[in-house]
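Engineer: Using the sequences plus the hints, can you model the full thing?
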Amino acid sequence: MSQIAKGKQPVLEARDLSKDFHTGGAFSGGIVKAVQGASFKLYRGHVVALVGESGSGKSTIVRMLARLHEPTAGEIFYNGEAVLSQRGRRALLRYRSQVQMVFQDPFGSLNPVHRASHAVQRPLKIYNKGLNRQKLRDKLEELFAMVSLTPVDEFIEKYPHQLSGGQRQRIAIARALAAEPEVILADEPVSMLDVSIRLGILNLMARLRDEQGIGFLYVTHDLASARYFADEILVMYAGFIVEQAPAEALISDPQHPYTQMLLAAVPDPNRGLKTEAIEMEGEIPDLTSLGGGCPFAPRCQHVMDICNQAMPAATTLEDGRWVRCYLYEDELAPA
Amino acid sequence: MSREPLIQIQDLNVEYRTVRGAVRAVENVSFELYENEVFGLAGESGCGKTTVANAMTRLLKPPAYITGGKLLFRDADILSLDAEQLRAFRWDQLAIVFQSAMNALNPVLTIGNQIIDAMQAHQAISHEEARAHAKRLLRTVGIDMARVDSYPHQLSGGMRQRAVIAIALALNPELIIMDEPTTALDVVVQKQILQEIKDLREQFGFSILFITHDLSLLVEISDRIGIMYAGKFVEAGPAHEIFRDPKHPYTNRLMNSFPTVHGPRRELLGIPGAPPDLIEPPAGCRFHPRCDVAIAGECDRIVPPLIRIGGQRDVACHLVKAEEAVS
Chain A
1 MSQIAKGKQP VLEARDLSKD FHTGGAFSGG IVKAVQGASF KLYRGHVVAL VGESGSGKST
61 IVRMLARLHE PTAGEIFYNG EAVLSQRGRR ALLRYRSQVQ MVFQDPFGSL NPVHRASHAV
121 QRPLKIYNKG LNRQKLRDKL EELFAMVSLT PVDEFIEKYP HQLSGGQRQR IAIARALAAE
181 PEVILADEPV SMLDVSIRLG ILNLMARLRD EQGIGFLYVT HDLASARYFA DEILVMYAGF
241 IVEQAPAEAL ISDPQHPYTQ MLLAAVPDPN RGLKTEAIEM EGEIPDLTSL GGGCPFAPRC
301 QHVMDICNQA MPAATTLEDG RWVRCYLYED ELAPA
Chain B
336 MSREPLIQIQ DLNVEYRTVR GAVRAVENVS FELYENEVFG LAGESGCGKT TVANAMTRLL
396 KPPAYITGGK LLFRDADILS LDAEQLRAFR WDQLAIVFQS AMNALNPVLT IGNQIIDAMQ
456 AHQAISHEEA RAHAKRLLRT VGIDMARVDS YPHQLSGGMR QRAVIAIALA LNPELIIMDE
516 PTTALDVVVQ KQILQEIKDL REQFGFSILF ITHDLSLLVE ISDRIGIMYA GKFVEAGPAH
576 EIFRDPKHPY TNRLMNSFPT VHGPRRELLG IPGAPPDLIE PPAGCRFHPR CDVAIAGECD
636 RIVPPLIRIG GQRDVACHLV KAEEAVS
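The listed protein sequences derive, respectively, from chains A and B. Here the first sequence stands for residues 1 to 335, numbered as in my numbering. Here the second sequence stands for residues 336 to 662, numbered as in my numbering.
Partial list, derived from the structure: chain A residues whose beta carbon lies under 8 Å from chain B:
1) Glu53
2) Gly166
3) Ser196
4) Ile197
5) Arg198
6) Leu223
7) Ser225
8) Ile251
9) Met261
10) Leu262
11) Asp268
12) Asn270
13) Glu283
It should be emphasised that the hints constitute simulated quantities derived from the structure, not laboratory data. Beta carbons are placed, not taken as given, at the ideal position from N, Cα and C, and that holds for glycine.
Structural biologist: This is the structure we're talking about:
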């Protein structure tokens with residue numbers, strides 16, 4: 001597993017990113033606060049997992065980082081350079097070649113009328129102008145081999161419908177690699193695959209992290225796969241990142257009451273169905289009508305008066321982990 | 336647990352007739368489901384688990400055909416029920432909760448009216464009585480009784496799935512088939528609903544056929560489980576015994592395909608290859624092309640029968656037979 005290179009420059013950094021969506025109709029209009037003040041750093045050869053339930057804002061963060069959504073506030077840094085102020089097609093093209101995406105649905109992300117080679121060739125041509133025919137073919141074969149689609153000659157000629165979900169996702173990864181990116185944003189890349197196939201894709205991405213030094217932002221709702229693949233986990237709830245910690249530390253010793261609830265909800269064959277010590281009442285709040293306080297307060301067993309007044313700032317704990325919860329602010333910590 | 340079989344499935348065969356040929360989706364599947372029992376069916380997509388459930392409820396439509404086998408509910412032959420008997424059987428004795436059931440609610444009827452409809456279609460009950468019962472059912476599944484007049488779009492996904500469970504309970508069935516009932520839901524909501532199902536079972540004592548691809552979930556909720564691969568049972572038995580000591584190589588590899596949040600972190604391998612095309616399934620054991628311990632000349636030629644290996648455990652694997660014969 002790779003180490004967090006302390007003091008080294010992150011390849012990608014989100015600083016206080018927020019995104020509001022305006023919903024409007026003839027009868028109602030409102031603002032959905034999809035993401036509020038999200039900050040984190042991603043290093044080369046390092047995997048950060050963004051974990052949360054549907055609607056927690058994790059895909060919105062990915063879309064902002066991919067520059068598909070313009071953030072309402074905040075800044076994105078790529079190798080220390082602010083990117084949001086860089087305008088124009090060429091700047092965007094350069095950024096997108098370095099920060100690639102892999103999507104959830106391998107059935108929808110490949111053009112069904114083109115062969116597998118087409119999907120991988122396009123970024124080669126777009127980002128890597130001036131490759132001659134032979135070089136292009138060599139590169140193509142190298143990429144197919146890299147994602148273990150062998151025999152290469154056979155797979156290059158296939159159409160998407162001739163490939164399984166896992167094989168399609170490998171093509172999507174090869175396509176992302178074609179641009180020689182430093183970062184891959186992977187949005188639920190295994191959640192639509194069969195369980196026996198998922199591990200192969202996660203192991204492939206782990207190999208690319210180790211061998212190519214690619215930094216991954218791995219978005220998932222599955223804490224177990226985050227623990228397996230990621231070096232560090234961020235937990236999101238209702239638009240806020242509420243906890244950040246090294247993967248093992250987060251799983252073995254969750255701090256935020258929401259993280260604790262999420263972990264307790266993961267099925268455990270060793271346990272059998274029994275009543276949990278942790279109450280799992282309530283549901284995720286409506287993001288159009290959030291109060292000013294912690295969004296988890298209405299469901300939290302440890303709720304205090306202050307929780308409903310303002311969202312707590314991040315409290316730094318040992319090992320570089322932090323949590324946004326009043327329970328951990330020194331002066332308020334219970335004895 | 337009482338030992339009276341509620342459902343007996345014997346040598347069930349189902350095929351889908353397609354232009355490319357017959358897809359043998361379910362082959363020689365046999366199992367019993369007892370009273371007050373949760374039987375779990377596990378397997379990957381396309382392994383036939385939903386087809387088994389649809390055969391049991393006679394919901395299969397062409398191009399799917401039952402080509403052999405017997406389906407008994409107590410002593411009644413499900414396959415020979417006439418339309419009227421089938422209608423009664425489907426609601427009075429058996430209810431179904433599908434994965435996308437929360438999207439199957441009628442959007443222009445209130446939740447309460449949909450429960451009342453189900454009751455009035457099958458019982459002589461006044462609207463007032465039915466409404467009072469609907470409210471009690473909603474409370475039972477953890478929905479505020481005031482929601483009886485809500486429309487589906489006013490409820491969250493988790494609440495709609497609970498409403499569907501309330502409808503399934505409306506006629507107090509003996510068996511509820513739950514096909515991936517929580518797969519589309521977030522993990523906390525899933526946990527809430529499973530807890531609800533457990534409480535309801537203690538209260539009403541119905542049996543469940545629970546279908547999911549998530550083995551951890553299945554072992555947690557089931558008394559016994561059956562593992563399906565490519566249309567066949569490869570292993571069946573008490574859930575915790577199979578979890579502790581899987582005998583079939585597929586079960587073993589499947590259990591080692593799941594990252595977990597419990598216990599130490601370890602390297603996992605998954606299963607190489609992909610499930611086979613069931614128009615031309617592999618000869619012999621259908622898992623042999625992906626099996627790393629397959630015996631050449633045997634596993635690729637002879638179909639391993641499902642055999643009892645002691646206790647309540649059944650396994651279909653040449654290796655297990657060999658092992659038992661030696662000891």
